[in-house]
Amino acid sequence: MSLYVVQFLTGLANAASLFLAACGLSVIFGVTRIVNFAHGAFYMLGAYVAFSLTLRLEGVVGFWAGIFLAAIIVAAIGALLEMLLLRRIYQAPELFQLLATFGVTLMVQDIVHMIWGAQDLVGPRAPGLQGAVQVMGLPVPTYDILLIILGPLVLGALWLLMHRTRWGVLVRAATEDRDMVAALGVNQKWLFTGVFTLGIFLAAFGGALQIPRTAVNHLMDLSIIAEVFVVVVIGGLGSITGAFLAAVLIAELNAFGILVLPGISLVLMFLVMAVVLVLRPWGFLGKPVSTDAKTIGETTRPWHPWSPTMAVLVAASVLLAAALPAVLGPYGLSIGAQILIAVIFAMSLQFQMSTGGLDSFGHAAYFGLGAYGAAFAIQWFQLPMELALIVGPLAGLVGALVFGWFCVRLSGVYFAMLTLAFAQITWSIAFQWVEVTGGDNGILGVWPSEWASSPAAFYWLTLAAAVLTVLILRHLVFSPFGYRLRGVRDSSVRAESIGISRQRTQYVAFAISGTAAGLAGALFAFLKGSIFPDALAIPTSIDALVMVLLGGVATVSGSVVGAIVYTMATIWLMSETDLSRLVLGGFIVFLVVAFPQGIVGSLSSFTSGSLERWRGRREASRPVALSAEASR
Amino acid sequence: MSAAIKLDVGKLNSFYSPAQILFDVGFTVGSGEVVALLGRNGAGKSTTFKSLVGLVGRREGEIRFEGEEISRLPTYEIARRGLGYVPEDRRVFGELTVEENLEVGRQPPRDGVTTWTPERLYELFPNLAEMRKRPGGQMSGGEQQMLTISRTLMGNPSLVLLDEPSEGLAPKIIEQMADAILKMKKEGLGILLSEQNLHFARLISDRAYILEKGRIRFSGTIAELEANEAVRNQYLAV
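Taken in sequence, the protein lines are chains A and B. For what it's worth, this note's numbering labels the leading residue of the first sequence as 1, then goes sequentially. For what it's worth, this note's numbering labels the leading residue of the second sequence as 1, then goes sequentially.
Simulated from the structure, these hints should not be mistaken for lab results. All residues carry an ideal CB built from backbone N, CA and C; glycine is no exception. Each hint can be trusted.
Cβ pair distances, simulated, as ranges:
#1 Glu119(B) <-> Ala65(A): 41 to 51 Å
#2 Leu84(A) <-> Lys11(B): 30 to 40 Å
#3 Val593(A) <-> Arg215(B): 31 to 41 Å
#4 Thr165(A) <-> Gly61(B): 38 to 48 Å
#5 Pro18(B) <-> Ala215(A): 53 to 63 Å
To be clear about the criterion: a stretch of chain B counts as covered by chain A if any three or more of its residues have a C-beta under 8 Å from a C-beta of chain A, and this derived list gives those stretches:
#6 62–76
#7 80–87
#8 94–101
Using the sequences and the hints, build the whole thing.
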């Protein structure tokens, strides 16, 4: 019995930092509508800065001054980020905001590496709180008791701030209706900066509070962000109390899960999240968000199948690609195959994003499942490559069917966060279930069949797979199913009113997309001859997103171009610099700010714009049927 | 027509992305004057109001408020200069109490303009006084309409844009609303209101403009509009 009580207290103590980080993210989202991916990076920065400060400042006062000062310094950096970057992208689609803040996360990783080095750092214990208190005969660290008290204290302080100050009332009003607050004479700019700074302060404070408990390390940012996303999705975006309840729930699940069976905590977390989302799709205390595309009323150029000239051009490029083994050596061909796999992966994401309107932030899950599926087929069942290449996509399909069942119940940022959480769970399983997946050592010896083992043969195999995938997905876009999918994307209400189920249509699209991603993953495993948990990690999901973004979200198959450019650029970048994350992060941020429509998208809107000027047509004089939404 | 022109709008064109909603709209409102902007559903009345306070995607033309060009100012700056906006769909903050809703609207007192306090507004709308702690989301449509007007008045505006204040209200509440608007007028406030309900507009307005398909089709006093049945039939009859 006493063991359970102590474990319960440990869970409560763990909940404190999780709550601080999660409510910061929640408050920021409530007002600015930005899901701040960089939140984990600021949490980690808080811990690192606190480590450096508490080493220098002595005694009880020094320790706590160090913790607070760290949170304040990091909050100031956050304010700067808000003013320099976020202000430029508030109007951009949420996907771009997530990407830009992820870019910041990448940059922070390299900066932290440069300043503090690669090793884990053990900070000082809190002076006066090093001991333990006896609870029912078992020791509980005194510092944990402090954290347990701190959580509700912060919750209370935030409640007072939000309900008893004018600033708090304005923040709550802006959470409901930003434009109306502006129309009442409130300068939103500073309200946004203030809210963002507060949110970052809370995250950094949460990170700083961890230094007496755990070693400061480089994985803090991504591990906390996945948990924070789960907490926020369960608690309801924008709700502070919801974040508190969910943080306690998740932390307790982890605490008791470890007690029952180490490793099962992840499955528990997954199950609880699933149950909550089925019962309350917007979390404990969240509010429903509209599922419709925001761009309604704006006209985009209608998509159309290839013109004869375009078809000839495409056929010519495919022939050209097929002729490459005549000029390229083994290394060139392996890069070629890698690019083609990226094309399949990017196209699979583009299909669900552009046509389906489903912005997935965890597409790596299906890529990784495909890769592990193929590797299992080889290693455990001694199947030949041909069958393994079928098992891989099937694994992607099954994963998409299981995860998609939950995901398609949500939309927008909730959808994005949930897909990311599922991908993280898959990654954790691959990482922790060493007996089956080999953990960090991966699975080796995944080699292709005899006939496909030469670089040229394997290259042709991937080329055939890539061409087929692109053609099939394009065909789907212009099929009746594609029309239905675009219909529910643009207006689920109208689509439902003519008998099309949004959830079912998107579920099918999600499954198709997962299958194609699985194919890419399976080919990838055979290309490398091995597979590691990295294939399932967040950066893999981001790679796919950047490829789609580069190609243009508003295109049918721009990601083919995006995948080619991006894969070549990153391979080159890795060979040129040690600070690849800093450069890549900066590049992503630049992309979002400079080309919010993607490169192909920006190009085509530029050319169609100049075409119209050339024809002497004025944008304003174009007759456009107005939707009801636009005239409101 | 009043001597001092408070709001002077000329050649206003507004767009929702590629679609143009307003075409060369022009009108004036004098200080202390009540002017009605009439027109059928979809004529562009709400868009006109949103354009004035900068809540429309793109707008071109001149908007002079108290002699100064405001069409390039951000929304909050326009509000701070004393141009109050009461939206058609009320947009009460549902999670905030009546008192908190009023607090959001509060701005410092302005020279030469009535300074409103919650207490004075509770006198204007006695219903609100009984529900100071009630969340805006739990009020009836009429009460929300009173709250949204009060909230805008907390900014001590010199001119108020009222977008369809009578829409969806019971006849008895409409009478109360007309009384309140006349009291606001007595305080020296200029008011531009949009209406589909000619009867309501007639009770309180000095002058009227008629908007149809984004263009001004008629301008005159209420008496002139009363006399001109052809115009009423063409642009207002449903």
